[in-house]
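So the sequence lines, in the order shown, correspond to chains A and B. Quick note on the working numbering: the first sequence kicks off at 27 and runs consecutively. Quick note on the working numbering: the second sequence kicks off at 210 and runs consecutively.
Hints listed in this document are in silico derivations from the structure and should not be mistaken for laboratory results. Take the hints with a grain of salt, since some may be wrong.
[Said to hold, decoys possible] Derived, one-sided and incomplete: chain B residues facing chain A with beta-carbon distance under 7 angstroms:
| id | residue |
| --- | --- |
| 1 | I223 |
| 2 | G319 |
| 3 | A327 |
[Said to hold, decoys possible] Just so you have them, the derived chain A footprint on chain B, three or more residues with Cβ under 8 angstroms:
| id | stretch |
| --- | --- |
| 4 | 241 to 251 |
| 5 | 302 to 310 |
| 6 | 340 to 351 |
| 7 | 480 to 491 |
[Unchecked claim] With the C-beta cut set under 8 angstroms, the calculated list includes, among others, these residues of chain B facing chain A:
| id | residue |
| --- | --- |
| 8 | R256 |
| 9 | S257 |
| 10 | G258 |
| 11 | P316 |
| 12 | T323 |
| 13 | L412 |
Built from N, CA and C at the ideal position, the CB exists for glycine as well.
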Amino acid sequence: MLAPVRPAADREHADIQELRLRDSGPMPESLVIESQGLTRRYGPITAVDDVNLRVRKGEVYGFLGPNGAGKTTTLRMLLGLIQPTSGTISVLGSGPGTSEGLARVGSMIETPAFYPFLSGRDNLAMLAAYTGTPSSRIDEVLGIVRLTDRAGDPFRIYSLGMKQRLGVAAALLKDPPLLILDEPTNGLDPAGMAEMRQLIRDLGSGERTVLVSSHLMHEVEQICDRVGVIARGRLVAEGTVQDLRGPIALVIRADPLGEAKQLVDGIAGVTRIGIENDALRIMFDPRSTLDPAYVNHRLVAAGIAVRELRLDQRSLESVFLSLTSPDHAEVDHHATA
Amino acid sequence: MQQPDLSRMIGAEIRLLLKRTSTWVLLAIWLVMSVTFSYILPYIVYRSGSASDFGEDFDSMLPGQLLDSVGSGLPFFGGSIVLIMGVISVGSEFGWGMWKTLFTQRPGRGRVFTAKMAALGVMVIPFIVSILILAAAASGIIAAIEGAPMDWPAPTAIAQGLLGGWVILAVWTAAGVMLATVTQGTGVAIGIGILWALVIEGLIGIFAGGISWLGWLVDLLLRSNGYSLMRAMFDGAQGQDQGPGSFAGPYVSGTQAMLVLLGYLVLFVGIPYLLLRRRDIA
Chain A
27 MLAPVRPAAD REHADIQELR LRDSGPMPES LVIESQGLTR RYGPITAVDD VNLRVRKGEV
87 YGFLGPNGAG KTTTLRMLLG LIQPTSGTIS VLGSGPGTSE GLARVGSMIE TPAFYPFLSG
147 RDNLAMLAAY TGTPSSRIDE VLGIVRLTDR AGDPFRIYSL GMKQRLGVAA ALLKDPPLLI
207 LDEPTNGLDP AGMAEMRQLI RDLGSGERTV LVSSHLMHEV EQICDRVGVI ARGRLVAEGT
267 VQDLRGPIAL VIRADPLGEA KQLVDGIAGV TRIGIENDAL RIMFDPRSTL DPAYVNHRLV
327 AAGIAVRELR LDQRSLESVF LSLTSPDHAE VDHHATA
Chain B
210 MQQPDLSRMI GAEIRLLLKR TSTWVLLAIW LVMSVTFSYI LPYIVYRSGS ASDFGEDFDS
270 MLPGQLLDSV GSGLPFFGGS IVLIMGVISV GSEFGWGMWK TLFTQRPGRG RVFTAKMAAL
330 GVMVIPFIVS ILILAAAASG IIAAIEGAPM DWPAPTAIAQ GLLGGWVILA VWTAAGVMLA
390 TVTQGTGVAI GIGILWALVI EGLIGIFAGG ISWLGWLVDL LLRSNGYSLM RAMFDGAQGQ
450 DQGPGSFAGP YVSGTQAMLV LLGYLVLFVG IPYLLLRRRD IA
C-alpha cells in the first residue's frame, strides 16, 4: 500500500497526503521496481535518503524532482552502476546490475554515451553483440526512433536530439519490458521534446513499463500515469498526477457570501466549505454526482447573486514547488527530528 | 537466461579497435620506427662507411637475424606502442562515458572486460606479424642489393618468436589497461606508462650497476624480462648497447622471464578487472 512518505505540514500537504491515502489500495503484485530504504551517502552528504520506490507493471512512472534532488543517483543504483550505502532493490525480481535483470531493462542515463567515431548503426551493432540481440533488430529500433536516414553518420556529428533518439534506440534493442530513461528530453528543442514525449507515451502504451525522470512538470503531466516526487534525496510524494494535484474544488463568488455558504452546506455531496479571497471554496465527494449547474441553480433560485462559479484544481507545478521547497524540508526535518 | 555469445562480443570489440584511428596510427608509427632505426638508417651508415656504433653490424640487417632484429625492438618500441593502445582502448571509455552504456547491457561487468581484454590480445597478433613481414621485406631487399645470403629463420623459430613477442606485448598492453583503469582516463596513464617504459626502467638499470641491492629489482623489470625472453628464444637479441632502446643486461633465464611476464600479465589484468567490477560508474 502507499504509505505516506513524509508527514504533511500545511493544508496543501494535508490535501496531498489525504488523496495519497485514498489512493492506498492493495498494491498490485506486479511491481517491476521496488526499493526499500534505498540510501546513498557520499561522506557527509546524503544524495538519496531512505527511498521506497514502487513502480507497477505497464505504467509510465514519472520520477520528478529538481536538479540535484537524487534522481540520477537513484536510477544508477537501480541499474547497478552505483552501490547503495544501504537498502534493497528489486528490478523485475532481480538484483540491480545482475545479468538476469539487465537482460530485461533498457536504459538511458543522462546524456547518451556512444563511440563518437562509429556511426549510429555501428554503435547499435556493438551493443547488439553485448545484448545477444539479432542484427535485424537494429533496423527496427532505428525505425522506431526515426533515425534510419542518418544511421550511417558518425555519432559525433549528431545533433543533441539525434543523440537522444539513438539513446532510446539503444535502450529498445533488447525489446525490454522495462525502460529507464533519465531526463530524455534534456536539451531538446520544443519540437524534439514533443516528439520524444509522444515516443515515450507510445512505448509505454502496452505491457511495457517506463520509468522516466524529469524536472519538467508539464512533461510528467503529459506522459506519466503515476509520479514520485523526490527532493533533497527523499521521496516526498507518490501517486497519480490527479492525486498529487489534489481534489477539484468548486469556487463560488457570490453575494451575500454568508447565505451562499449556508445554502451550499446543505447540498448532498459537499464535504467541506472554506472561504478564500472572499469566495467559497467547496470540496465535494468525487463519487457524488454533484453538478455545478445544480449548485448555481439553487443559489440563483434563493436570490443570491452569483458573480463567479468555476472548478479549480491546483497545478502540478504548485504542488511540486510546495513539496520541494526548502520550507517543506524544514518542516519535515522538524517533524522527523 | 542464456548469456550473449562471448565470441560475438570479442568480435565486436575487435571491430571497434580496427575502427579506432589510433590503432592504425600506432601501428604505422611502430612500423616506420622499426624499419627506420633497424634497417634504413643502419644501412645508410653502413653504405657511407662511416664508423658509427649505430648500424655497424651489417649481419643484423640480413634475413638470418630477422628474429633477433625484430625481437630486440619488442620490449622497447613495441611495448610503448601497445601500452598506448591499451590505455586508449580502455581509458577513452571513461572519457566518453561508455562504461555506463556497456555495463547496463546484458553481460555484466566481468564479461564486458573479458571481451575487451581478449580483443586486445588478438589485436597484438597482427601488430607482431606486420612488423615481422615489413622487417623481412627490408632485410630481403638489403640482402638482395648486397648479394648476401637469404638464410631465413625456420618456421618453428618464427612461430616461437611470435609466441614470445605476443607475451611481451600482451604484458605491455595490459599495463596500459591497468594504468587507464587506475587513473580513469588516458592522459595521465600514457604519461606514467611512457615515463616508466622509457626512463624509469632504464635509470633503475643504470643505478643497479653501482647499488647492489637494486639488482633484484632489475631482474623484475619488464624490460629485463622481455629481452631475456627474446634472448632465450633466439640466443640473440642480446642488445648491442647501441641505439635507443638498447639493453645490455642483466639477463635472467628464459623460464624465469616467462614466469615473471605471465605474473605481470595476471596482475595487470586482475587489478583493472577488480576495480571495474567494484567501482561506482558515475
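Structure versus earlier hints, numbers of those that do not hold, lowest first | Those not satisfied are hints 1, 2, 3, 4, 6, 8, 9, 10, 12, 13.
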